[in-house]
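Residue numbers (numbering that gives the first Met the number 0), protein chains in the order written: chain A, 0 to 326; chain B, 0 to 211.
Honestly, the hints are just simulated from the structure, not real lab data. Quantities reported herein were computed from a predicted structural model and do not represent experimental measurements. We put the beta carbon where it would ideally sit given N, CA and C, even for glycine. Heads up, some of the hints might be wrong.
[Claimed, not checked] EDC-like mimics (lysine to aspartate or glutamate), calculated; alpha carbons at most 20 Å apart, straight line:
id, chain 1, residue 1, chain 2, residue 2
1, A, LYS37, B, ASP136
2, B, LYS206, B, ASP169
3, B, LYS124, B, GLU134
4, B, LYS206, B, ASP136
5, A, LYS223, B, GLU134
6, A, LYS223, B, GLU109
7, B, LYS206, B, ASP181
8, A, LYS37, B, GLU174
[What the hints assert, rightly or not] Label-pair restraints from in silico Cβ distances:
id, chain 1, residue 1, chain 2, residue 2, range
9, B, ARG171, A, PRO180, 37 to 45 Å
10, A, LEU286, B, VAL133, 39 to 47 Å
11, A, ALA127, B, ARG193, 30 to 38 Å
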Amino acid sequence: MNSFSYVRVSDVESALREGGAAGSRFLGAGTNLLDLMKGGVEQPRRLIDVTRLPLAAIEELPDGGLRIGAMAANSDAANHQLVRARYPLLSQALLAGASPQLRNMATVGGNLLQRTRCYYFYDTAFGACNKRNPGSGCAALEGYNRIHAILGASPSCIAVHPSDMAVALAALDATVRVHGPQGERAIPMREFHRLPGDTPQRDTNLEHGELITAVDLPASQFTKAHYLKLRDRASYAFALVSVAAALDMQGNRVRGARIALGGVAHKPWRATQAEALLIGSSLSTDLLRKAAAAAVEGAKPYRDNAFKVELAQRAIVRALQTAGGMA
Amino acid sequence: MDLSKRRFMQSAAAAAAYGAVPRGAAQTPVREAAERAAAGQHVQSVTLNVNGRPYVLALEPRVTLLDALREYVGLTGTKKGCDRGQCGACTVLANGRRINACLSLALAHEGDDIVTVEGLARAGKLHAVQAAFVEHDGFQCGYCTPGQICSAVALLAEAAAGAPSAVTPDVRKLEPVRLTDDEIRERMSGNICRCGAYPNIVAAVKKAEGAA
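Bound-form chain A, shown alone (with noise of 0.2 Å):
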């Protein structure tokens, strides 16, 4: 790792005021950011430590809904007793992703922010990154692209958001709160992360400065769900497809539908298009397998990913029989 300095801060006030400063990044528990800057990938100057912010609790809001602080571990996110009991998509999300030590230590923040695992970003050898170094094209276009993106990519750039968490977030419509140096704002995580267009360098629409302080979950019904994680091995790796289905039931009819799919674009994927066939209709394969279809409408995979357009089709069809109780 290069030298840098370390700051650690006790206050929101002064994580503003330190990281606001050129150079400046805010340091989470680390779990990407330090694998990155051993790997020569981000080459901060300056540290400003927030894992010590008061920002961890997890705590119900007048609404009904949840707020879960920035600096909560995932671990204890997918603990909490409410998380299991009303938002189990998420619970179920943040267990399938990374080692129990890691979510020991990774932050819910952090976790947001974490970056793409595309081999040509994450290995400097590659001089073709647009996302580590922009301009200088993309190497997994004619690459080995087999872990890469189907829906939502750019000639810029084909790398997938790999966070579990992110997808179920996306799914439940939650809401990412920031403050800044321009005051606090919030952010509707459909529009937290962005698609790579021409500028794969930005993940998110966070601006230099800014501090995640919590997430927000509206108040929720969608009990019956269910998170599938695809991937190479059972355990410990990222999601090839991941599908976070939830279900609001009124009999046998579908009143609410929520899809989000990972592992196949640049940011969690919702298959706003699949959620609305659902609604006001009965729970039958024929229907899912429709609704599947839909999610994948104009996906573009490449030499290596084709299989992933029909993966994510019967990951959502058997995500959605899960969380209905069909299965």
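Chain A is already provided as a structure; the job is to place chain B on it using the hints.
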């Protein structure tokens, strides 16, 4: 020289100051720290409570908890495998929770209680997990073993506290965890064993649960 220094460090009492040099370097620690600071290498002080003893270390910010334990405190039981958070060989307990020491800055652990594999035995008696690993031959080359054992110690505490895993049938049900083989495998998945001693590791964890 090396051994005596290690013994010295292990028996050092509170507030002993060590410099920003790896063990074995010739200069006195404090002078070395001052020289490094003068050379523009920023050194900061941190107190780590390792296996019940406080260590005051002067470290560059880029020193990981893993390197601090091995190279500055002198406890080499914690192993460096991948150094990238992929293998679990560096697993230690920080404030009772298992973490990867390789992906954590030592400075970020100011005041934390760290337990390494060296801190598990009590009065010459192996921890139940250590004894179970010996009984069930839960290793071959042994390199991943300290991490496996620290991980398993935390696993038992997590399960006893009712924490679910990815294979727990229904996370909505707040009920005691039944440590099936599947549960143990999933909960130990952050520790890779390249010798493939997994069946015996699972057996050891099961045995330790009964013994705890």
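Structure-based check of all given hints:
1. A:LYS37 <-> B:ASP136: 35 Å, violated
2. B:LYS206 <-> B:ASP169: Outside the cut-off at roughly 25 Å; violated.
3. B:LYS124 <-> B:GLU134: This hinted pair holds, its Cα atoms lying about 14 Å apart.
4. B:LYS206 <-> B:ASP136: 12 Å, holds
5. A:LYS223 <-> B:GLU134: This hinted pair is violated, its Cα atoms lying about 44 Å apart.
6. A:LYS223 <-> B:GLU109: 42 Å, violated
7. B:LYS206 <-> B:ASP181: 15 Å, holds
8. A:LYS37 <-> B:GLU174: 41 Å, violated
9. B:ARG171 <-> A:PRO180: 37 to 45 Å: The hint (37 to 45 Å, Cβ to Cβ) holds, given that ARG171 of chain B and PRO180 of chain A are roughly 41 Å apart.
10. A:LEU286 <-> B:VAL133: 39 to 47 Å: 56 Å, violated
11. A:ALA127 <-> B:ARG193: 30 to 38 Å: 33 Å, holds
When held up to the earlier numbered hints, the structure conflicts with 1, 2, 5, 6, 8 and 10 and fits the remainder.
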